[in-house]
Every structure is written in C-alpha cells, then in structure tokens.
Amino acid sequence: MQWFDALIQGILLGGMYAQYALGMALMFGVMRIVNISHGDLVILLSLIGISMASAWGIGPITVMVALVPLAVLMGWVLQKAVLNRVVGSDPLPSLIATFGLSLALQNLMLQIWSANSRSLPGGGIESRSIEIGGIYIGLLPVIVLVVATGLTWGLDLMLKRTRFGRALRAAAADVEAAAMTGINPRQVYAVATAIAVGILGFAAVFQALRSTVAPADGGAQLIYAFEAVIIGGMGSVWGAFAGSMVLGIAQAIGFRIDPGFGVLAGHIVFLIVLATRPQGLFGKA
Amino acid sequence: MSAVLSTHGLVARYGDFQALYGVDAEVAAGEAVALIGANGAGKSTFLRAIMGLLPVASEMVRLNGAPVGGTAPERMVAQGVAIVPEGRRLFTGMSVEDNLRVAMDQAARVGAKGGWTLERLHQLFPILKEKARIPVQSLSGGQQQMVAIGRALLCQPKVLLCDEISLGLAPKVIREIYAALPEIRAQGTAIVVVEQDVGLAKSATDRLYCMLEGRVTLTGRSAEITREQIGEAYFGAGHAVV
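Chains as they are written, first to last, in my numbering: chain A, 1 to 285; chain B, 1 to 242.
Worth double-checking, as some hints may not be accurate.
[What the hints assert, rightly or not] Computed Cβ-Cβ distance ranges for the label pairs, DEER-style:
no.	chain 1	residue 1	chain 2	residue 2	range
1	A	L157	B	P55	35 to 41 Å
2	A	A55	B	P67	52 to 58 Å
3	A	A55	B	G15	52 to 58 Å
4	B	H8	A	Q187	26 to 32 Å
5	A	I61	B	Q123	50 to 56 Å
6	A	V142	B	P135	34 to 40 Å
7	A	A81	B	A72	15 to 21 Å
8	A	E176	B	E228	36 to 42 Å
9	A	H267	B	L118	47 to 53 Å
[What the hints assert, rightly or not] If you want the ones that stay clear, here's a sample from chain A, every Cβ over 10 Å from chain B, calculated:
no.	residue
10	L7
11	T62
12	P69
13	Q111
[Stated by the list, open to error] Among chain A residues calculated to face chain B with C-beta under 8 Å, some are:
no.	residue
14	R169
15	A179
16	N184
If you're looking for bench data, these hints aren't it; they were derived computationally from the structure. Heads up, the beta-carbon is just placed ideally off N, CA and C, and yes, glycines get one too.
One chain only, chain A, in its complex shape:
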C-alpha cells in the first residue's frame, strides 16, 4: 500500500514536471535550443504572480488569467530580441545566450524581490485532500495533473491539426526546406517560444501555490524539465509528458526509501535512461 501510494504521488508530481517539460520539449524539438533560463522564467512568472496577488488582492485563477498572456508576450519578445539572433545549426551560441539570460534574470529577481521565499495564497485549496481507499490525494496536485494533461493534449492536437502546427513540424524537420516552401522560420520560432513560455505561465501559478519560491530556485526546475524531456525522448510532447511521469514516480519512490534519496533517485533514473536508451523511452532511434 505504501508503494502504491508512492506511485500515485509520483504521478501527481509528474503533472507538475510535465508543465515545465512541455515548453522545453517544444523549443528543443523545433529549434534545437536548450533554454537554460527555462526554470528562471518559471520563478520570474511566479514572483510576478505573487506580487500581483498581494498588490491587487486577486485569487490564483485571476492571477493565471493575467499571467499566461504576459508569459506568451515574454516568450515572443525573448525569441524576437534574443534567440532569433543565436539560433542555428551550432547549439553553442543559444546555450551561452540563455545561460547569460539565466544569470541576469536571477540577479534581477534578487534586486526586485530579495532572496526571501514567498508563496501564492490559494484560499485553502493547497491543503485540501480527498481520501480514496486509505490514500490521501491532494486536490491541488490533481488539478495540476489535469491541467498538465490538457496542455499536452492541446499542444499535440495543435501540432497535428493546425496550419501553424504543420509549419512548426516542417521547420523542425528541415528549416531550410521549410523556408523554401514559404515558411518564415523566425516567425514560427517566435510563436513556438511564445507558446513554450506561455505554458510556464500555468506552471508558475501552480509552483507558487504548492510550495514557496525564491529567486535562486530556477535551477532545480530547469533540471527537472530537462530530465523529463531526456527520459521521454526529444521532440515529442507525449514523450515529455511520459518522461515527467517517470521522473515523478522515481522521485516519489526514492523519497519513500529515504527522504534524502528522492531527488537523487530521479537523477539516477535519468542517467540510466541516458546511458541505455539515449533517444529516450518513447523517442525514435
């Protein structure tokens, strides 16, 4: 029963990681950019959300309604102003640029919000839980998982069915051929990053509800997103979702073995996947 409980908690934790991982999978899949500032963007959005809530006295749902469009805009500007200048066949320039951005964002956040931990008041939702057959399931993690599933499903559908999705997949497959078919790659990239960061708008609200956030917390979120994408297999949104589940379950089971072992267990699973199946569990060889 203890292990079944760990499995359930792991899946719920995976829902949070999926919200981080989707945007990273999208950006890597389309542009081959590993966005080092991914986690810092989550934290930045969380802190903005927390400040919004305390300044205007608004609840988490209203914060989300305001934060997601802001995140979309941030992603679009990030691509147009920075990433479009460094994207290309060489992965190093974008890696250095986003690493620099990560440092700059962390210091900017320290300047504005100080190093204190803050969280978003959820009006009790963060502590509500339901009991099913002796297992307590938190209401917030369930909402997080449902939203994560919805986002994955919506993103997958958009990629498969829409005009923009086809242009995005074409640019991911062969960017020069896509341009020769009339696609403006830089425009497609800008929308892709806008979507990727837009998803972080959801993640930021949930992250601030479920725990505290401080300016230096971005690194951990980046690592979890990165590990989930690698475990699942690059370039597939359901792969990233599944990878998040595997990572969440590994951490939850590790945590049951020893409270200090949880995060490490996730890293070990990540390393095992990287060593034995580098294309990811659900990726194509």
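For chain A, the structure is supplied; the task is to place chain B on it using the hints.
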C-alpha cells in the same frame, strides 16, 4: 518573349570560395530551360543563389524585371519562385499529405493563386493520393521526388526550379516525372531544370545553358546544339569527347 526570371552577372560565394563568376541567364513564362554541367560547375549554387539562400546583390536577380536578389527564400516563394531542392528535402516524420499541405497553407497565407490543387496533383501523380497518409520517408525515391515536385507546385509558382530531379531514379520513373513537365508548362509556369543527363535535358527543354567552373560556357536552343558543342562546353576546350 520577355523573361519572367533573369540573372545579371550573378556572383555567389561560399566564404572565400567563389562559386559563380557573373552568370547571365533568363527564362520566359511557359518556357523550359536546362542547366547542364559537370559536378561542381555551380548549377545548384545558381539555383540556391536565386532562392536567396546565398547572399547576392539585389540587381543580380530580377523577377518580372524587379530586382529580387538576396530576398529571403520564403519571400521568393511568396513572389512565385518555387524549388524542388537537391536531395528532395522532404519533411521527415510527416505524412505525404501533410508535406503537401505545408505548401498549400503558406500559399493560402500569402494569397498565391496558380490553379494547383491537391486534386490536380493527384491526377498528375496518382500514387500520391494512394500514399497520402503514409510517412513520407517510407516512400520510394521516385515517389518522394513526386512529393517534392508536388510540394513546389502547391506553392503556386510562376517559376519552378528543379535541382537534379532524376538523380538516383530508375529510367521508367524518370520518364514518368519528366512527362509531367508539359502540363506544368501549359499553366504558364517557367521551368528551370538542373540535369546531369544531357540527352534528357536536350529533349525536355527549349533552351539550355551549359556551365563550367561557375561560368556559362554555352547557350542555345536545345534542339540545335550538337553533342560536340556540349562536350567542349562541358569539359572546357581541348578535351576530347568520347
């Protein structure tokens, strides 16, 4: 006939390596011209330079008389120049139909009209209808080439550039693909084909250009140019033709 697409002293380089030394060429609406020459003569570079994939000065390429050299590829497509690239360059992982739809989407976005529809393409290459849902990478080489041509046609081009569309294909398939050219031309579309097979180039086109080391060494009507002339232009003066 007035040229729909023309180049004027077109010069292109890859870094320090100069690949084209002042190429003058033109193609009129509904006309087919061939570009022949040995490997490394600059034929593909010529097409890439026109498409805006290499930096060139704007006056060096003219479309309906207007300077367009160095315009980004997606804008060249929007203005009516499409390419069947060397090696096909299809969108791996996507179905045949999705590959074609990408071109249709973009043509619709810029409001390009040219009469090419999925149905007409299926009449031209019936196999594409049959294989519509199949991932494009599992098609045979000839079928993939048909997808590449179809994708370019659905960009609704006024000028179609074809880079080595017969390369690596069986003779029967090559005939099938070249049989489609007259119908494309009937639309008023100008065609430029880069071709290794001189006999095929002569029979399928009105005029031809022979290139050697980044320069045009021979040009004329395809039907009138002799094998001897081509041999000389192909390898440079003084080479014996076997």
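So, going through the hints one by one against the coordinates:
1. A:L157 - B:P55: 35 to 41 Å: 40 Å, holds
2. A:A55 - B:P67: 52 to 58 Å: 55 Å, holds
3. A:A55 - B:G15: 52 to 58 Å: 55 Å, holds
4. B:H8 - A:Q187: 26 to 32 Å: 31 Å, holds
5. A:I61 - B:Q123: 50 to 56 Å: With Cβ atoms ~54 Å apart, the hint holds.
6. A:V142 - B:P135: 34 to 40 Å: 37 Å, holds
7. A:A81 - B:A72: 15 to 21 Å: 19 Å, holds
8. A:E176 - B:E228: 36 to 42 Å: The hint (36 to 42 Å, Cβ to Cβ) holds, given that E176 of chain A and E228 of chain B are roughly 39 Å apart.
9. A:H267 - B:L118: 47 to 53 Å: 49 Å, holds
10. L7: 33 Å, holds
11. T62: About 36 Å separates T62 of chain A from the closest Cβ of chain B, which puts it past 10 Å; holds.
12. P69: 24 Å, holds
13. Q111: The assertion about Q111 of chain A holds, with a minimum of 40 Å to chain B.
14. R169: Where the cut-off is 8 Å and the nearest Cβ of chain B is about 6 Å from R169 of chain A, the hint holds.
15. A179: 4 Å, holds
16. N184: Given a least distance of 5 Å, the restraint on N184 of chain A holds.
Checked against the numbered hints listed earlier, the structure breaks none of them; every hint is satisfied.
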